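**Q** This note's numbering puts the first residue of the sequence shown at 1, with every later residue one more than the last.
Source of the hints: derived by calculation from the structure; they are not laboratory data.
Warning: the hint list may mix true and false statements.
Heads up, simulated EDC-like pairs for lysine to aspartate or glutamate below, C-alpha to C-alpha not over 16 Å straight-line [stated by the list, open to error]:
hint, residue 1, residue 2
1, 135, 2
2, 13, 34
3, 135, 36
4, 13, 41
5, 135, 116
6, 135, 80
7, 13, 59
Distance windows between CB atoms, simulated [stated by the list, open to error]:
hint, residue 1, residue 2, range
8, 83, 2, 29 to 35 Å
9, 26, 137, 16 to 22 Å
10, 61, 116, 21 to 27 Å
Since this is a predicted model, take the numbers as computed values, not measurements.
In this text, a Cβ means the ideal position worked out from N, Cα and C, and glycines have one as well.
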Amino acid sequence: METILAIDPGRAKCGLAVVAGPDPVQVLTRAVVESERLTLEAADLRRRFPQIARLLLGDGTGSATLRRALAAALPDLPLEIVPEHGTSARARARFLADNPAPGWRRLLPPGLRAPERPYDDYVALLLAEAFFSQKRTQV
């Protein structure tokens, strides 16, 4: 079983997910953090989860700058850039499915519901799941 730290980069905030897999995929923790705190949070997660063997970084907004910062902060971990095309829409749908609206808001179609909080951690989780899914098909 391999444990990875998946990161959805952004200018203002980033999603983080520590995930073990591939069978079954287990979410150990996830969070949304301010981008300027990303390297500190990633280093803290590495201390809390020393079994992390790899970093996955989505290729979206701000990934080039964050890649350099992460490589400097965690030089012993291999860092892999992964495509994140379409993950935001899928993460939004999954967030809304996992967090049903209370009261009368549950009558609204999902397209009209606004998530109660940022869901960048769900994007990071989808990146990790895609990575493990690809590993399973390569075996």
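**Q** Evaluate each hint against the coordinates.
**A** Evaluated hints:
no., hint, verdict
1, 135 / 2, "11 Å, holds"
2, 13 / 34, "4 Å, holds"
3, 135 / 36, "31 Å, violated"
4, 13 / 41, "12 Å, holds"
5, 135 / 116, "33 Å, violated"
6, 135 / 80, "14 Å, holds"
7, 13 / 59, "15 Å, holds"
8, 83 / 2: 29 to 35 Å, "20 Å, violated"
9, 26 / 137: 16 to 22 Å, "19 Å, holds"
10, 61 / 116: 21 to 27 Å, "22 Å, holds"
Of the numbered hints given earlier, the model fails hints 3, 5, 8; all others are met.
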